[in-house]
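Protein chains in written order, with this note's numbering: chain C, 1 to 188; chain R, 1 to 218.
Don't take every hint at face value.
What the hints assert, rightly or not - One side of the interface only, derived from the structure: several residues of chain C facing chain R at Cβ under 8 Å:
(1) Ala30
(2) Asn47
(3) Ile50
(4) Glu59
(5) Asn67
(6) His73
(7) Ser76
(8) Ile97
Derived from the structure by calculation, the hints contain no laboratory data. Beta carbons: idealized from backbone N, C-alpha and C, even for Gly.
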Amino acid sequence: MKKEPDQTTLTQWIDGELVGEELQRVETWAQNHPELLAERDAIQAMNQSIRATIPASIEPPYGDFFNERILRHIESEQLTQAPTLAPKRRIWQWLMIPTAAAGMAFCFYVGTRVAEPTSITSPANIVVSSIYTPDGDVSADIFRAEGAGATVIVLKGLTDIPDDLEMVGNPATDSSNGASMASISTSY
Amino acid sequence: MASGSKNTQKSDGNGSPDNRRIKSNDIASEDAIWVAEAQAGDMRAFDRLVSKHRGKIYAMIFNMVKNDADAWDLSQEAFIKAWKALPKFESRARFSTWLFRISHNVVYDWLRKRRIEGDGELNDEVFDTSRVDPGASTMPHHNAPPDEAMQQNELCEEINAALAGLSEGHREVILLREVQGLDYKEIAEITGNTIGTVMSRLHYARKKLQSILRPDAD
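Build out the structure end to end from the sequences listed, making use of the hints.
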């Protein structure tokens, strides 16, 4: 061998991977270059130290938990994927939007129909046919004032209102829904 | 849940090549059975594969990132990726080589991310062995006599420091070749390089290691 072996050939020689003629050539070259032999010995010793020092296998801490975590991760990913259901779910999602909107509109319509005040429920138009009075000595007469749009109930047989009864405030009126209501607070 | 065999295992330098080949074939056939079962969806078979290979994968990743917590997470990530890619595994390579290839990708992705987060510069502290807690369960343990243990610890520190002084590419080929005992072809498959590149890297990595370990030799 006239030429110095290249680095890949030298690497193979140091690692004992060379065979045949190529090995012979490098060995011949090395005989005339003792520094090469020294380098090989040094590298082999260094490799030996590395093998003796650095473990090829280190059991990870908490080995069982290590495995458990991997399996749990895989299982959770498998659950979230559920590949065959995904397209169907998408179709349902598309159908759900107009269905929900239509449902809401229907409910709103029904709600407005139910809550709408009618002439029947207007207090002014209530036709009172009878009145229950818990006290048997008290009777009630009903008068319908069509012009005023009011019904007057006259109670008879009530005890006199005491003189010290203090009428507080003014009649409060509530004109919502077209009805008129009055209330007075009393206190003794 | 299956558990691992032993805490640490040195690379086998004593067995004869024939014995090692037979052992390797047994391991490969056992792997092939479990891989086939796992490919059919058997999680227990995959669990057995994890238990069997986690030591080597964890050691390799730990020696690359030099941080036990990160190594723990990255090893798990490697196995999860292995499970996902398992249907594509065709048994042309050894299962362990294939796992090392996945681990290589996981580690390099992590290193790239760290570089980006570190504003374009790799944080050399990551590879500083002095940052590793000597009492950490991932540190090699020895039960040698005190004087021998001290020498061994010194040597261990020197070698770890020297390995930390290498680039990731150089450190990786040294670990795969000297610690894991893989051949050039397997290393080329794992690192995604040609065999020529692997040998070239080994050459320069050894030169660099020598210059760190024996600075007066140059």
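Query raised in the report: Can alanine 30/C be said to touch chain R, with a Cβ gap under 8 Å?
Result: 16 Å, violated
Requested in this report: For the hint on asparagine 67/C, just tell me whether its beta-carbon gets within less than 8 Å of chain R.
Outcome: Hint holds; asparagine 67/C Cβ to chain R Cβ min 5 Å, cut 8 Å.
Query raised in the report: How about asparagine 47/C: closest beta carbon in chain R under 8 Å, or not?
Result: This hint holds: asparagine 47/C lies near chain R, its Cβ roughly 5 Å from the closest one there, short of 8 Å.
Requested in this report: Let me know if the C-beta of glutamate 59/C comes in closer than 8 Å to any C-beta of chain R, holds or violated.
Outcome: 4 Å, holds
Query raised in the report: Should the hint that isoleucine 50/C touches chain R count as held when the rule is a Cβ pair under 8 Å?
Result: Given a least distance of 5 Å, the restraint on isoleucine 50/C holds.
Query raised in the report: Going by Cβ atoms only, is isoleucine 97/C closer than 8 Å to chain R?
Result: It is violated, given that the least Cβ distance between isoleucine 97/C and chain R is near 34 Å, above 8 Å.
Query - Cut-off 8 Å, beta-carbon criterion: hint that histidine 73/C touches chain R - result: 6 Å, holds
Query raised in the report: Minimum Cβ distance from serine 76/C to chain R below 8 Å?
Result: 11 Å, violated
The structure shown violates the earlier hints numbered 1, 7 and 8.
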